[in-house]
Amino acid sequence: MVQHADHDIPLVERVDMSVLWEDGEYRIGGGGAGVDTEFNLGTAVDTLIARMHHAALRPFATHTRIHAASGIGPDGMVLLVGDKRSGKTTLAAHLLLQGFEMLGDELVLLRGGQAVTFPRRFYLRPAALDLLPGLGSLAGGAPSAENDREGRMVAVDPPMLGRPWRIRPAPIAAVVFIEPNHTGTSRIATCPKLEMVRQVLAQCSPPASAGAGWVSDLCRTINRCTTVTAHLGDLPTATEALRRFLG
Amino acid sequence: MSDTAAPPPVRAEGLDINVLDDGFVVYQTSHDRVHYLNPTAGLLLELCNGTLGEAELAVRVAQAWNLPEPPYEEVAAGLHDLRTQELIR
Chain A
0 MVQHADHDIP
10 LVERVDMSVL
20 WEDGEYRIGG
30 GGAGVDTEFN
40 LGTAVDTLIA
50 RMHHAALRPF
60 ATHTRIHAAS
70 GIGPDGMVLL
80 VGDKRSGKTT
90 LAAHLLLQGF
100 EMLGDELVLL
110 RGGQAVTFPR
120 RFYLRPAALD
130 LLPGLGSLAG
140 GAPSAENDRE
150 GRMVAVDPPM
160 LGRPWRIRPA
170 PIAAVVFIEP
180 NHTGTSRIAT
190 CPKLEMVRQV
200 LAQCSPPASA
210 GAGWVSDLCR
220 TINRCTTVTA
230 HLGDLPTATE
240 ALRRFLG
Chain B
0 MSDTAAPPPV
10 RAEGLDINVL
20 DDGFVVYQTS
30 HDRVHYLNPT
40 AGLLLELCNG
50 TLGEAELAVR
60 VAQAWNLPEP
70 PYEEVAAGLH
80 DLRTQELIR
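So the sequences go chain by chain: A and B.
Take the first sequence: its letter number 100 is residue 99 in numbering that gives the first Met the number 0, and every next letter is one higher.
Take the second sequence: its letter number 55 is residue 54 in numbering that gives the first Met the number 0, and every next letter is one higher.
Same shape as in the complex, but just chain B (with noise of 0.2 Å):
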């Protein structure tokens, strides 16, 4: 975890996010670009809101999936790959 350090993760402008059954199309309207979100992912991206932390984001996603745990190392590999897809930053 690295919530002291980074600030919070917020989503790019310019996304159109759209929620299916089983997942999330995001059209990135500046690289003219679609990604595929499973839905976990397309939760996170949905979270990201500047004003939550990593370790925050991992109390929700448990919450909302119904974990035990928080899942940090799950919740930072997906920002990870959410920040090389220029999701967010």
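Okay, chain A solo, but in the shape it has when bound (with noise of 0.2 Å):
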């Protein structure tokens, strides 16, 4: 459940939870809400997980989210949008593992430009582990989750990789839209600003705060940085596409 990031963001809460086990049932309190009843460890633990994430996403209630995965260039933030199953955390991975700097795959926050990744591990498809042969010996001993959907899914992040893990906000530099492309050869295209802001607002939570202005901030913030769509097929071409765009 911890992760290991490092933050450059002041801790704004101090939150105390529990999970006691009383008369043959597990009672999860504390975080602002009421006490949940769970029968069994793993729902236990879903339901603690989602207490916190709740949790931890409360002073961020003025932030619109986005699902995206995220990493730093020499010029700010980039985001790789796309729809589930397009390539993101296998991407990002991939990316990770050739020296960029990356954050997150799930999550990331904006307000007023700036934006910040909510830090989770990568959670890797068993599909996944094939196209990535860097991880090695790392995926076998990684912690995992699983389920009867997606199987056992590994997760990595990026000190496990021997890589710096800092979560701090900064500028959106560019967002890269994928567009599964998987049995075919990479390519990187400039995506038009419009159907960037499109694409993005697909992926899109408005402020929990619901206040005005979100649409201006992400249209804003699309307008001035660099806009891409990879047609992804292979994780080698399109990450030195990656690399001519972003630097």
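Since the hints were derived computationally from the structure, they do not count as laboratory data.
Careful: at least some of the hints might be erroneous.
[Unchecked claim] From chain A, some residues computed to sit far from chain B (all C-beta separations above 10 Å):
| no. | residue |
| --- | --- |
| 1 | R64 |
| 2 | P125 |
| 3 | N146 |
| 4 | G212 |
[Unchecked claim] Label-pair ranges, simulated between beta-carbon atoms:
| no. | chain 1 | residue 1 | chain 2 | residue 2 | range |
| --- | --- | --- | --- | --- | --- |
| 5 | A | G133 | B | W64 | 48 to 56 Å |
| 6 | B | T28 | A | P142 | 39 to 47 Å |
| 7 | B | P38 | A | R186 | 24 to 32 Å |
| 8 | A | A201 | B | W64 | 27 to 35 Å |
| 9 | A | D74 | B | T50 | 40 to 48 Å |
| 10 | B | E45 | A | A201 | 23 to 31 Å |
| 11 | A | D74 | B | D31 | 27 to 35 Å |
Glycine is no exception: its CB is placed at the ideal position from the N, C-alpha and C atoms.
Combine both chains into one complex, guided by the hints.
Rendered as structure tokens:
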């Protein structure tokens, strides 16, 4: 559960949570919510994680949530946006192995043009591991989560690969929309701003506080950054193309 | 053209209009709906301030795009689309 990321963000709140085993059930409390009751360990852990997630996001109620992988380039943050199974996590992990500073594969929070990655390990599906031989034996010993739909997903983070994992706010310098081309060769093309806004909005949740202006914030951010579409096939070609585009 | 019959079109209230390099994104807060407009449609929407009739709008569009003639038919069609999307009334 613990994320081994360094943070350049001040502590804003300390939250206590508890899990008690009483009378044959798990009672999960704290974090500003009532008590949840679960009857097996797996669902108790899921409930606890959801509660932690909710508490961690509470201070970011005025931020737009973007479902995206993210990393830091020379000019600022780079987002990888795409539908489920488009290859975001696989590409992010490959970029990490190739020396890019990648920060996450799931969630980025945006406000006022500044973005911050929500730290969470990169969850790799079994098929992705076959494409990432650079992980080597690491995948075998890494933490994992399993469900009926995805199978066993391996959780890796930058420190496990000897890379930094420093969470800090940064302006968004580039957005990459991933279009799957999984049986072909990768290629990169400039993406019109209007199209990029459409694609990113499809992966956004408005601020929990429903503050006005979040669409404008997103539009301004995308309009001033580099926007490309990655037709994602083989990973080495994609990586080299992104390196040329993004530095 | 129907300038004499129809009142000058005016933008709907509560529109969050965002100008991009290649178009406009309009967030309609009352409907929680996002519209994506090409540059001409976006310009037309911005011009709909309730004082310009259809013919005047066509003249303004021609000026903006350096067109030899006002695009009356295209503006009429564009206004129809904007009305259909409830972006003007």
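Results for each hint:
{"no.": "1", "hint": "R64", "in the structure": "holds, 16 Å"}
{"no.": "2", "hint": "P125", "in the structure": "holds, 36 Å"}
{"no.": "3", "hint": "N146", "in the structure": "holds, 32 Å"}
{"no.": "4", "hint": "G212", "in the structure": "violated, 7 Å"}
{"no.": "5", "hint": "A/G133 x B/W64: 48 to 56 Å", "in the structure": "holds, 52 Å"}
{"no.": "6", "hint": "B/T28 x A/P142: 39 to 47 Å", "in the structure": "holds, 43 Å"}
{"no.": "7", "hint": "B/P38 x A/R186: 24 to 32 Å", "in the structure": "holds, 27 Å"}
{"no.": "8", "hint": "A/A201 x B/W64: 27 to 35 Å", "in the structure": "holds, 31 Å"}
{"no.": "9", "hint": "A/D74 x B/T50: 40 to 48 Å", "in the structure": "holds, 43 Å"}
{"no.": "10", "hint": "B/E45 x A/A201: 23 to 31 Å", "in the structure": "holds, 25 Å"}
{"no.": "11", "hint": "A/D74 x B/D31: 27 to 35 Å", "in the structure": "holds, 33 Å"}
Checked against the numbered hints listed earlier, the structure breaks hint 4 alone; every other hint is satisfied.
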